[in-house]
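Colleague: With chain L held as given, fit chain F onto it using these hints.
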Amino acid sequence: MKEIKILNFDMLEKLLEGIEKPGRYINTEIGVRSKNPRVEENGGFDSKILMALVFPDIYEVGMSNLGIQILYDIVNKHENFTAERVFSPWIDFEKKLREEKIKIFSLENRIFLDCFDIVGFTVQHELLYTNILNMLDLGGINIYSKQRDERSPIICAGGPAAVNPQPISKFMDFFVIGDGEEIIIHILQVLKVYKESRKEKGWFLKEISRLDGVYVPEFYKFYYYPDGRVKKIEPEKKIKKAVIKNLDEFKIVSNPVIPNIKTIHDRFIVEIMRGCSRGCRFCQAGFIYRPVRKRNVESLVRQSVEGLKNTGYDEISFLSLSSSDYGEIEQLIRDTISLYHSSQTGRLSISLPSLRLDSFNLKLMELIQTGRKTGLTFAPEAGSQRMRDIINKNIKESEMIETIKMAFNEGWEKIKLYFMIGLPFESEDDVREITELIERIIAAAREKLPRKKLSRLKINVSINAFCPKPFTPFQWISQDHPENLQMKFNYILKNVPKRYVDIKWVDPYKSMIECALSRGNEFVCDVIEYAWRGGAKFDNWSDFFNFNIWEESFKRAGLDAGFFTTAGFSEDEILPWDVIDIGVNKKFLLKEYDKSKKCAAGYKYNTAGYNKI
Amino acid sequence: MQPGINIIQQVIIRFKFYKKEEFKYLSHLDIVRILCRALNRAGFNVAYSSGYNPKPKIRFSAPTPLGIESFAEYGEVTLNDNIDGNEFKERINKELNNKMQVVEAKKLSGKTDSFMNEIAVNLYTFALDVASSTKPLLEKFYGSIWEGLIEKSDFMGSIYRYEMLPSKESSNIVFLKIYGYAKIFKEKNNDFFKFNNFYLFLKECLKEYRICIGNVKKEESFALDGNRIKVLQI
Chain L
1 MKEIKILNFD
11 MLEKLLEGIE
21 KPGRYINTEI
31 GVRSKNPRVE
41 ENGGFDSKIL
51 MALVFPDIYE
61 VGMSNLGIQI
71 LYDIVNKHEN
81 FTAERVFSPW
91 IDFEKKLREE
101 KIKIFSLENR
111 IFLDCFDIVG
121 FTVQHELLYT
131 NILNMLDLGG
141 INIYSKQRDE
151 RSPIICAGGP
161 AAVNPQPISK
171 FMDFFVIGDG
181 EEIIIHILQV
191 LKVYKESRKE
201 KGWFLKEISR
211 LDGVYVPEFY
221 KFYYYPDGRV
231 KKIEPEKKIK
241 KAVIKNLDEF
251 KIVSNPVIPN
261 IKTIHDRFIV
271 EIMRGCSRGC
281 RFCQAGFIYR
291 PVRKRNVESL
301 VRQSVEGLKN
311 TGYDEISFLS
321 LSSSDYGEIE
331 QLIRDTISLY
341 HSSQTGRLSI
351 SLPSLRLDSF
361 NLKLMELIQT
371 GRKTGLTFAP
381 EAGSQRMRDI
391 INKNIKESEM
401 IETIKMAFNE
411 GWEKIKLYFM
421 IGLPFESEDD
431 VREITELIER
441 IIAAAREKLP
451 RKKLSRLKIN
461 VSINAFCPKP
471 FTPFQWISQD
481 HPENLQMKFN
491 YILKNVPKRY
501 VDIKWVDPYK
511 SMIECALSRG
521 NEFVCDVIEY
531 AWRGGAKFDN
541 WSDFFNFNIW
551 EESFKRAGLD
561 AGFFTTAGFS
571 EDEILPWDVI
581 DIGVNKKFLL
591 KEYDKSKKCA
601 AGYKYNTAGY
611 NKI
Chain F
1 MQPGINIIQQ
11 VIIRFKFYKK
21 EEFKYLSHLD
31 IVRILCRALN
41 RAGFNVAYSS
51 GYNPKPKIRF
61 SAPTPLGIES
71 FAEYGEVTLN
81 DNIDGNEFKE
91 RINKELNNKM
101 QVVEAKKLSG
111 KTDSFMNEIA
121 VNLYTFALDV
131 ASSTKPLLEK
141 FYGSIWEGLI
151 EKSDFMGSIY
161 RYEMLPSKES
171 SNIVFLKIYG
181 YAKIFKEKNN
191 DFFKFNNFYL
201 FLKECLKEYR
211 ICIGNVKKEE
221 SFALDGNRIK
231 VLQI
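Read top to bottom, the protein sequences are chains L and F. Under my numbering, the first residue of the first sequence carries the number 1, and numbering increases by one thereafter. Under my numbering, the first residue of the second sequence carries the number 1, and numbering increases by one thereafter.
In short, the hints are calculated from the structure, not lab data. Hints are not guaranteed to be accurate.
What the hints assert, rightly or not - In silico DSS-like links for lysine-lysine, alpha-carbon gap of 25 Å or less:
hint, chain 1, residue 1, chain 2, residue 2
1, F, K203, L, K21
2, L, K262, F, K99
3, F, K57, L, K414
4, L, K309, F, K203
5, L, K458, L, K405
6, F, K107, L, K262
7, F, K99, L, K14
Same shape as in the complex, but just chain L (with noise of 0.2 Å):
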């Protein structure tokens, strides 16, 4: 039996001598419930499948994610295992603890990452790639798959940047596709039964490559042309999904750990809805959540309000893709705020993160704010409607300029847009569109508004430049230049008024290493160890994302970075994620594909150069 190490506490205290938000790295909080081995029932640690669900960025975002609470729920409620967190230690514990050579450790009992019988990350995004190198690294735990014995913890990953395995296949023993609730348990069943009978590794693996979603990457084998396009997947049958049909079959969880240190996201959080019916064409989410579930609205009211009691938090989240689309949505909040003022006298504030704002809906914000009208958000995506045609953005110029005019009757000030460039088949007239947009807000602001009010008036524009994702319609396309995309918001930056208009914009050479990741094969492994082994870590913080690592790393790999990105994928190639069935079949997405196209065809086609605008 393997010896469980754990830190104590007089070398916590050591290590965390000047280390900054100590409070990431202790263990108190309220709603932990990993299995303590010092409690000897049921034989101690001995009997018990650890896991390690790790979250690789820091605490305060790791634990805004609902998807971490929901695992830790499941696993900790079966009696023959237990789960602990463990988060990416930041930048000055990290040197902290390769300085004092001390591998990292889960924060409920501090045992050390190698101690634990499975590690399962859960990816959220492809930046956070070069953090799992990190932290297997920093566990003591070699990466490569391959490297590992028996005496390795199983390595594993899921989450939304796990849908196309290829790029970190050979750094993990198997992935989770899909909803894990159910299959988690079924994966840490065959665990035991591995773990008490010493079989081999092979065993285990073979044993969980039966159930739906379970991807082992040893266990298929790709061809490639000279050219690196993908020529055959053996075995032919894909990985099917995971799919959980009812949702209301799982209870929320109403005794979520509760953060001791404020985080991105402090608050109750709830899901009411997987999955979106919408179908915009460039989101990801939008087709691998599929199919749509809702819960049961009496049943969120009521587990929403046991909830809000249990943890004593007096704001909450209604957590989907797209709220406007829960057909009670209504109800869900009028309920809850009357249910929770039967018991309770405080305020509580309801926040709906992805509401598609119309004057429908504008009243319900009316109906959620406390206290000062703050923000309201947009998200048109596209300045024209030829590209909200393209990316099937269904929202009209019209009904938001209307939406807007009316909100600031009803006193609301601060306004937040959306958009993205180097969308496809992308025109100068769609990006000067936006501007038009922009100006188009201003001039309702300035009918709307008394002018004092004008003046304090702040517009927060957020562009982002379009990454293609694996199985959307857009995933065949070419991404877009960053020295283009670079251009094109330029031209946005010098034609916005910028009195009123505050304007962001991400580092589209860091969209482009997002977008070669996230369509990237089994050879971008190399790239993403020699960034990492160069220094790449929290690449999706702009202080530390660094392109000529990436650029270098793309190079020593032998590997052309616009190989995935701007020279696009044809659309009767085998590509490297077409090893996972998400559920969502090929043909359906090409269908989408043409229907872009043709939107695109029925406007003005102007792909000039961006300077000469």
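Modeller: Relative to chain L, chain F alone:
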């Protein structure tokens, strides 16, 4: 009572609590958030301020620096329930981790001024690890710190009564008790008595004598009573 009119009786609960072990790594604002959520969980009806952004009526004594255990934290909360100190203490403690507990709570009768401002001086205990030092060195340090303190202050000596107590468990550790971080040193040299400055000074001081600071505790808060200080009573 007339129909339609609710007479809400508000009470102010004054309480003293500690934060120790892991909880010393939480900032003042974290502690405030933790306490507010615990009040909600315990089912207390916390009174809110009126205005655009209503805030719970709750206040705390001045922040204890991050990383310092404290046994002298104070708070005052206004509740819309008529409960007494004991009930408050019992209910809130069930909702708090055992590393942060209320030790005393009292219902205030009538209008009372907040007593947070009365805190004049805090008593800190420094556990000094003298393992690598020798006794004569320690005595030298003793003398030197005394001079340093007197030099840097113009207030009466009684405040600087400090004690060095050998620990019972381990002969390597002695405890240094020092009063400091006080608003009474208003004039010059006040900065010196800001805790962090003092901590740095002490650390530097100790380096010469090869003594390390182990655990630091805020033990008690005192109010000014004429020319003397007295333990703050809630």
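Colleague: Determine which of the earlier numbered hints do not hold for this structure and return their numbers in increasing order.
Modeller: 3, 4, 6
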